[in-house]
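Visitor: Could you build the full structure based on these sequences and the hints that come with them?
2 protein chains.
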Amino acid sequence: MASSTPFAKEDDRQPTRLGDRVYEQIKERLIRGAYGPGDKLTVRGLAETLGVSSTPARDAINRLALEGALVYAGPKTVIVPALDPEVLEEITLMRLALEGLAAERAAARVADEDIEALKETQARINAALRERRYAEALWSNKEFHFSIYKLSGMPHLLATIETLWLRIGASFNDLYPEFAEAKYGIHNHMAALEGLAERDGSAVRAAIESDIRDGYRRMRQATRERNAIQSLPS
Amino acid sequence: MASSTPFAKEDDRQPTRLGDRVYEQIKERLIRGAYGPGDKLTVRGLAETLGVSSTPARDAINRLALEGALVYAGPKTVIVPALDPEVLEEITLMRLALEGLAAERAAARVADEDIEALKETQARINAALRERRYAEALWSNKEFHFSIYKLSGMPHLLATIETLWLRIGASFNDLYPEFAEAKYGIHNHMAALEGLAERDGSAVRAAIESDIRDGYRRMRQATRERNAIQSLPS
DNA sequence: GTGTGTTTTTTGTTGCAACATAATTGTGCT
DNA sequence: AGCACAATTATGTTGCAACAAAAAACACAC
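As given, the protein sequences belong to chains A and B, one line each in that order.
Once you know that position 231 of the first sequence is 231 in full-length UniProt numbering, the rest is easy, because the numbers rise by one and skip nothing.
Once you know that position 84 of the second sequence is 84 in full-length UniProt numbering, the rest is easy, because the numbers rise by one and skip nothing.
Derived by calculation from the structure, the hints in this document are not laboratory data.
Please note: incorrect hints may appear among the correct ones.
Stated by the list, open to error - Stretch-level coverage of chain A by chain B, calculated; a stretch enters the list once three of its residues show a Cβ under 8 Å from a Cβ in chain B: (1) 20 to 30; (2) 62 to 70; (3) 84 to 97.
As the list claims (entries may be wrong) - Restraint-style ranges between C-beta atoms, simulated for each label pair: (4) A/ALA34 to B/GLY38: 57 to 63 Å; (5) B/GLU24 to A/ARG44: 24 to 30 Å; (6) B/ARG32 to A/GLN25: 36 to 42 Å.
Note that beta-carbon positions come from the ideal geometry of N, C-alpha and C, so glycine has one too.
Guide: Right under this line is the structure:
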């Protein structure tokens, strides 16, 4: 599988700090669903697990909390957040605004080889879906989106979008088997590719927005079912 | 003057950490233009200046750098960034998307007393402008904007917008005397107030977007003049 | 059992010294 | 002067112990 941070904006600091490595590792575990909502993370626990001292572990936790990927359940308790419907709606609205912007700007700067690369990424999504390899499908889906956004040439925008994905990523992966069955976003992706080919910014934006909305509906339904099950104990 | 962090989203951590205090202090100095573009900040320097150890100082610097309020000029050199025209354009586009969204949502939730409070804020802006108290005008202007955005009830959105302001805030305040003369955004603010009164989300969004665009033009022109002067040494 | 107060353990934060390395200064040569 | 290169200083990061505070465990009364 690809690097754990393939979409980061230009890195200005050569020597990767230990804290950055810890951050990336936690982030990847979060995205892969290794942690469930409500799990508590401690400085010393991470430090021991990853074989570092408390300082880098603390740095990583604070950074994740600052970005919203982790939340404070108490003054000394950071947990991976549960997917609150209100938060999901808010993040979705922000995604529509920001990813719509990125998509539109991408259309003005895309090159033909970029489109070819995107088609290959889409092919990987299709193959993974066909073979029921949902984790890989999700990964390729992320790659598809961020490859487009990266074309916008707006690093600040890219970084901000990434934090939005991270905020819902943990819960997203936690429940994705429940809705990954429906061929995820293929139609919207094809529409985005067509829009890019025609350098039609509005079309690309519309396709991406549609994709985000579809994902939102599925995720909302999944969380409802999940909550319904939880609220009906035997 | 008001608190240094009047618009933060709900704080979950009771005891303010020392690092947070340092962060707020640097942030305020940045916004007030106490530091000029290119100034270098060091962990030990801040620690001594503020009378804390290196750990909180380091936390604050890393956080500011993560948010883009400070940038790395080298592996061991963080400086307050100069206002790059490309960055200014990117941040402006993000502001249009995000603050437009916040403004539109605000219209659906605004109460009459909120509008009254906003009118008072606007009166403070006008008075400050009339008396050439530009620093206060700028502060009240920020209060006007964020009071509206806060009405959206979207804390994640509010926090993200705040980081955008911070990214251009340092340079903004550094050169604001050059364009604060022009009555800053009064017309747009009045339009926003009218839109809020009529609960017309589109109108409020349009007013805020217009305000952002006007500010962008002024700032772009100011930076150009600044750069022209710099590039013509005697 | 349930709730309340207490004790014990766990935990985040802070300060600080050590280390590696980047930034700066200094030096000599052309 | 200008420039390459070495010496020196300054700086960020890391690990770790101490501390205060919160969380968890426990005891006890009702």
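Visitor: Against each hint, give a clear statement of whether it holds in the structure.
Guide: Now the hints, each set against the structure:
1. Given as covered by chain B, the region 20 to 30 of chain A fails the check, having 0 residues with a CB less than 8 Å from a CB of that chain where 3 are the minimum.
2. Using a Cβ-Cβ cut-off of 8 Å, 4 residues of the region 62 to 70 of chain A lie near chain B, which meets the minimum of three, so the contact claim holds.
3. Proximity of the region 84 to 97 of chain A to chain B, defined as three or more residues with a beta carbon under 8 Å from a beta carbon of that chain, is established by the 6 residues found.
4. The given range of 57 to 63 Å is broken by A/ALA34 and B/GLY38, whose C-beta atoms sit roughly 43 Å from each other.
5. Between B/GLU24 and A/ARG44 the beta carbon distance is about 28 Å. The supplied range of 24 to 30 Å therefore holds.
6. At about 38 Å, the CB distance of B/ARG32 to A/GLN25 agrees with the hint of 36 to 42 Å.
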